Amino acid sequence: MADKKAVSGPPGRPGHNAVFMGGAKARDFKGTLLRLWKMTKGSRKGLFAVLALPCLMSVSAMLGPFFIGRIINGINGGNPVNMLILALILIYAGDWLIRLADIFITASVSQKLVFIIRKELFAAVKNLPVSFFDGVSTGDIMSRLTNDIDNISTIISESMGQLMMLVFTVAGVLGIMLWLDFRLTLAVLAAIPLVFILTRVVVGRTRVLFRRQQIVLGRMGGHIEESVSGLALVKAFGMEKQAEEKFEDLNGELADVGTSALIWSGYLMPVMNVINNLSFIFVSVAGGVMAAKGMVSVGVVSSFLLYSRQFTRPVNEIAAIFNVFQTAVAGAERVIEIFDEVPEPPDRPGAVPVKNASGNIVFDGVSFEYSPGVPVLKNVSFSVKAGEKIALVGPTGAGKTTVINLLTRFYDVTEGRILLDGIDLRDYRLKDLRACFGVVLQDTALFNMSVADNIRYGREGASDKEVTDAAKAAGAHDFIERTDGGYYSVIGAEGSDMSQGERQLIAIARALLAGASILILDEATSSVDTRTEMRIQTALKSLTRGRTSFIIAHRLSTIRDADRIILINDGRIAEEGTHEELMALGGTYALMYKTQSGSL
Amino acid sequence: MKLILSMIKGHIVLFSSAIFFLTAEAVCDLLQPALMARIVDDGIKNGDQAAVLRIGGIMLAVALTGAVCAVIRNNLASRTSQKIGRRMRSMVYGKILSFSFENIDRLHTGSLITRATNDVTQIQNFINGSMRILIKAPIICVGAIVLIITQTPAELPVVGVILLLCSVLIAGNMIMSYPRFGRLQKNLDRLNDVSREFLTSVKVVKVFGREKFEEAKFASAAGDLADSVVSAIKVAALFGPLINFTVNISVVVLLWLGAASGVSGVGGLMASINYMTQILFSLGMISAVLNIMSRAVASAGRINDILDEKPSMIWAGPSEARGFKDASVEFKNVSFRYGSSEKYALKNVSFYAAPGETIGIIGSTGSGKTSLINLIPRFYDASEGQVLIGGTDVRYADMERLRRFVSIVPQKATLFSGTIKDNLLWGNRSASLEEIKKAASAAGADAFVSSFKDGYDTVLGRGGVNLSGGQKQRLSIARALLRKPDILILDDSASALDASTEREVTKGVKKYSEGATIFIISQKIASVMGADKILVMDGGRLSASGTHEELMKECRLYREIYDSQIGDSGNGG
Numbered sequence: 001m002a003d004k005k006a007v008s009g010p011p012g013r014p015g016h017n018a019v020f021m022g023g024a025k026a027r028d029f030k031g032t033l034l035r036l037w038k039m040t041k042g043s044r045k046g047l048f049a050v051l052a053l054p055c056l057m058s059v060s061a062m063l064g065p066f067f068i069g070r071i072i073n074g075i076n077g078g079n080p081v082n083m084l085i086l087a088l089i090l091i092y093a094g095d096w097l098i099r100l101a102d103i104f105i106t107a108s109v110s111q112k113l114v115f116i117i118r119k120e121l122f123a124a125v126k127n128l129p130v131s132f133f134d135g136v137s138t139g140d141i142m143s144r145l146t147n148d149i150d151n152i153s154t155i156i157s158e159s160m161g162q163l164m165m166l167v168f169t170v171a172g173v174l175g176i177m178l179w180l181d182f183r184l185t186l187a188v189l190a191a192i193p194l195v196f197i198l199t200r201v202v203v204g205r206t207r208v209l210f211r212r213q214q215i216v217l218g219r220m221g222g223h224i225e226e227s228v229s230g231l232a233l234v235k236a237f238g239m240e241k242q243a244e245e246k247f248e249d250l251n252g253e254l255a256d257v258g259t260s261a262l263i264w265s266g267y268l269m270p271v272m273n274v275i276n277n278l279s280f281i282f283v284s285v286a287g288g289v290m291a292a293k294g295m296v297s298v299g300v301v302s303s304f305l306l307y308s309r310q311f312t313r314p315v316n317e318i319a320a321i322f323n324v325f326q327t328a329v330a331g332a333e334r335v336i337e338i339f340d341e342v343p344e345p346p347d348r349p350g351a352v353p354v355k356n357a358s359g360n361i362v363f364d365g366v367s368f369e370y371s372p373g374v375p376v377l378k379n380v381s382f383s384v385k386a387g388e389k390i391a392l393v394g395p396t397g398a399g400k401t402t403v404i405n406l407l408t409r410f411y412d413v414t415e416g417r418i419l420l421d422g423i424d425l426r427d428y429r430l431k432d433l434r435a436c437f438g439v440v441l442q443d444t445a446l447f448n449m450s451v452a453d454n455i456r457y458g459r460e461g462a463s464d465k466e467v468t469d470a471a472k473a474a475g476a477h478d479f480i481e482r483t484d485g486g487y488y489s490v491i492g493a494e495g496s497d498m499s500q501g502e503r504q505l506i507a508i509a510r511a512l513l514a515g516a517s518i519l520i521l522d523e524a525t526s527s528v529d530t531r532t533e534m535r536i537q538t539a540l541k542s543l544t545r546g547r548t549s550f551i552i553a554h555r556l557s558t559i560r561d562a563d564r565i566i567l568i569n570d571g572r573i574a575e576e577g578t579h580e581e582l583m584a585l586g587g588t589y590a591l592m593y594k595t596q597s598g599s600l
Numbered sequence: 001m002k003l004i005l006s007m008i009k010g011h012i013v014l015f016s017s018a019i020f021f022l023t024a025e026a027v028c029d030l031l032q033p034a035l036m037a038r039i040v041d042d043g044i045k046n047g048d049q050a051a052v053l054r055i056g057g058i059m060l061a062v063a064l065t066g067a068v069c070a071v072i073r074n075n076l077a078s079r080t081s082q083k084i085g086r087r088m089r090s091m092v093y094g095k096i097l098s099f100s101f102e103n104i105d106r107l108h109t110g111s112l113i114t115r116a117t118n119d120v121t122q123i124q125n126f127i128n129g130s131m132r133i134l135i136k137a138p139i140i141c142v143g144a145i146v147l148i149i150t151q152t153p154a155e156l157p158v159v160g161v162i163l164l165l166c167s168v169l170i171a172g173n174m175i176m177s178y179p180r181f182g183r184l185q186k187n188l189d190r191l192n193d194v195s196r197e198f199l200t201s202v203k204v205v206k207v208f209g210r211e212k213f214e215e216a217k218f219a220s221a222a223g224d225l226a227d228s229v230v231s232a233i234k235v236a237a238l239f240g241p242l243i244n245f246t247v248n249i250s251v252v253v254l255l256w257l258g259a260a261s262g263v264s265g266v267g268g269l270m271a272s273i274n275y276m277t278q279i280l281f282s283l284g285m286i287s288a289v290l291n292i293m294s295r296a297v298a299s300a301g302r303i304n305d306i307l308d309e310k311p312s313m314i315w316a317g318p319s320e321a322r323g324f325k326d327a328s329v330e331f332k333n334v335s336f337r338y339g340s341s342e343k344y345a346l347k348n349v350s351f352y353a354a355p356g357e358t359i360g361i362i363g364s365t366g367s368g369k370t371s372l373i374n375l376i377p378r379f380y381d382a383s384e385g386q387v388l389i390g391g392t393d394v395r396y397a398d399m400e401r402l403r404r405f406v407s408i409v410p411q412k413a414t415l416f417s418g419t420i421k422d423n424l425l426w427g428n429r430s431a432s433l434e435e436i437k438k439a440a441s442a443a444g445a446d447a448f449v450s451s452f453k454d455g456y457d458t459v460l461g462r463g464g465v466n467l468s469g470g471q472k473q474r475l476s477i478a479r480a481l482l483r484k485p486d487i488l489i490l491d492d493s494a495s496a497l498d499a500s501t502e503r504e505v506t507k508g509v510k511k512y513s514e515g516a517t518i519f520i521i522s523q524k525i526a527s528v529m530g531a532d533k534i535l536v537m538d539g540g541r542l543s544a545s546g547t548h549e550e551l552m553k554e555c556r557l558y559r560e561i562y563d564s565q566i567g568d569s570g571n572g573g
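First to last, the sequence lines map onto chains A and B. Residues 1 to 600, numbered by my numbering, are exactly what the first sequence covers, in order. Residues 1 to 573, numbered by my numbering, are exactly what the second sequence covers, in order.
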């Protein structure tokens, strides 16, 4: 049942990343590796060392026994062996240093790479459009940024060097075998296709399983994230049991998939071992027959058999490493998926910077749909002169917030165009455009930083004085001063000792500090009491003088003095005018106002 | 470590069977080289084809047995480690759910996620890994030592010194890496927190153009994580090769001693060098496992932190808990402070709400309205005074009963991913579609839900992002209604509704939950005007209470609020 949880397109907002949330389909293996390879630019030298050092290690591993043999021969023959012993010590010392260097370099190289991949992934995430985030779970993306990338580092830090060493050994032993006897070598190689088939079968299976494991892990992160952020609700509704049940579903699925993955990958080595033994017996018999016919000497057959053992072991291990690769690739694929998401459209060629936006805004036949076929705004046209204070009102879900989403280009219009100072929004540089707006959103997201830094988020580098001024204008100064740490008190993530209204005040201060030419307040004062709001209004009045401002509010007393009130209903402009005009019109607005003031 | 051991103990049958098959597997493994040698010595060298086939047959049988054992062992080991992992995740998650708000305020979400997933995985890996080589390495090591003792007793002191040195090195490795792994996990927490914060505030980041800032924050967390990983691995880099080197040097010592004693000892010398190589191999495995173990132990410590975290609230058991006489709510001289804060959020608040009454609460931002109602379902405990429901102090109530009795619609309408129906069923899982619809229409949500293509089966995105603020609020109200609570608390939960919608919703809610005591917090005076009693909050104190008419007469603050919203509008009616 869990698989159908993919985001489909609900009426309202989009589900364009349905593919992204899709099932456990393994993707293009080679393409994934190639993509990762491209990211290694800049650490290729280090990677080379990671590959080369194990080769040196296998050389020293071979030299050791060689010298031991010489020493024993020397003792046997009664010759002096001091020099040889000294050589052996040097070899071991060299081996020590190589190993030390190998681990050191591998660690730094792999972690540097992981760091780069993380940074690039975050950079990619950061450039994704708002619509992307609407459809994914926070915990899942977090899992990609941590767990999945960690899996990639396993490839580099453990498997790659090992793989090199093994390939090196296999090549060496193969050479010796060929030199000893060509025909017997063929007999040894006869088992190789079996090994390949086996590996293919197992790996084909584990790859899908490991991928599913990562997906379930991501979903689990999502569920934990959701239930911790919503713990108040879980508790209020005594939903602990249900949350736990859902968790147990995921937990059980994770354990099941994990178990299957481990069991499947565990088949590889034992079966391989049996194949090796078969091959060994095959070669023994063949060798015996050949020796009996005098085709090879018995001595060659016996040493050949010993070498064949040295050959098959690393071949097995290579297969096993290939298995480990699968977890990594499963992680890598989930990382790459994000890179494949379509980022916010780049600025059009010739996009212009915004120069002192005066704030003339024109909506020209704007239609918009979050998901195809469900229009939210239908052919909306209106224009706003610089410095006007515009109120957007209308029933819930009428499309007020959508207007804001389009202005700030969180979304782009489906049809029509929006002009700022006569130029289509899409022809501006996005960064400049957004800098024109000081926005207070419905959902007041604050960061886990000090109050001062939260306000300063609106404009980097603002002085303390500017911060306090903004706070004063937003009516936040008094209560900030009253808290224990004042401006330096850190806002907790779910900060309980700050009320929703107080959070809104800080968000307003933040937007004021941005000093933008267009101010947007989307239900910015819904949790603020009316008296505080009136104080904010007074402050805003001086601040918004000369600035275009958009205000969405349900409390109509908030917007009564707007220059123009635009009433949106069912995606269209239903009424437009000043408070007095609309009251005189006696339409929907008048009705709404009367209802609210209790006079109906 | 105690946690890990107790976990293993819980699955001792599986664990020991895995160990049993591992032992059988190890024996088969160890037999193989001997058999191979015999094929060469007895068969090939003598040209005896029959012997080749016979010994080959035995070898194959041993290999097959070994393979079967290995498959079974792997099966058991995988099941055990996954079961243990699953159990631990359940424990951690269950514990998190049992936390009171005070606990949660202290712990970061990112850290909780790391602990429930990554930390458990570390332990799981260790347990799984240990079942693979726990037996093999010591068997080989002990076997080699025994052989040295019996065959070349003269070399015992050398071996003893080597083993002692290696033990010291391995111990040193563990001691040094343990705290580093702890730091590593902590940095992982931070990375999780930073990314979570960004993900939940995307719009704010984008609109203020602070992507670079967030990127720098993330890069610093990712950088710290990378550094701490490197620092942990460097410890292993320091000790691992050193252990190798020590054993290698001992081979040199043996050779040197052999050279001194002359030709006679060559056979024994070769044998003991062989054994030394085996010791080296098994020590390598042991130190690798122990390294994984220090990471697992560090993770176990972090999980223990969660499991040991004392819930800051003790609930009466179902048997000793007292019931509620009726749906009345009484505050007796209640004062309240958050955690260690010095500031009182509520000071000396007393009031009585009779069953079935509607109570309005109004007051300025930060005046303590939400703090006040948070005490009713016992999200927090009053610092002083008493909160009584139906005559019972909430501290003596059973949690489940209390939370069923009281239903709250919080200020922030939080919805969960899943369908609309799933979300509403949170209120009452056994509700039929008809009941759901009834509650939804009372909350004014049925109309818009029905207009969706998939109706109640519409899948909501993360946190219900695909709904407007007002739609979320109405669903949130419907969810609370579905519980048919005796006490219903609406915490400014209609703030995103337009006035006429709100009016309908309020009417619907009152009709739906007839007989229930209802608390309505609002900024809009029109929303509370019709209440039986209105509490006016100011700076954490109850400044006045009464009906609208009484307050208009007696309370200046209330009148001011009224005037600011309605009274002086002149053209309001």
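Simulated from the structure, these hints should not be mistaken for lab results. In this text the structure is predicted, and so the values were computed from the model without any measurement. Treat the hints with caution; some may be incorrect.
Taking lysine-lysine pairs in the PhoX-like style, the calculated list, with each CA pair at most 20 Å apart, reads [stated by the list, open to error]:
1. Lys431/A to Lys507/B
2. Lys594/A to Lys507/B
3. Lys186/B to Lys293/A
4. Lys136/B to Lys112/A
5. Lys246/A to Lys507/B
6. Lys119/A to Lys217/B
7. Lys385/A to Lys246/A
8. Lys431/A to Lys212/B
9. Lys186/B to Lys212/B
10. Lys112/A to Lys203/B
11. Lys241/A to Lys484/B
12. Lys112/A to Lys45/B
Just some of the chain B residues that point at chain A, by a computed CB distance under 7 Å [as the list claims (entries may be wrong)]:
13. Arg86
14. Phe218
15. Tyr344
16. Ser430
17. Ala526
From the three backbone atoms N, C-alpha and C, an ideal C-beta is built for every residue, glycine too.
Discussion item. Please list, smallest to largest, the hint numbers that this structure does not respect.
Written reply: Violated hints: 1, 3, 4, 5, 7, 9, 10, 12, 15, 16; rest satisfied.
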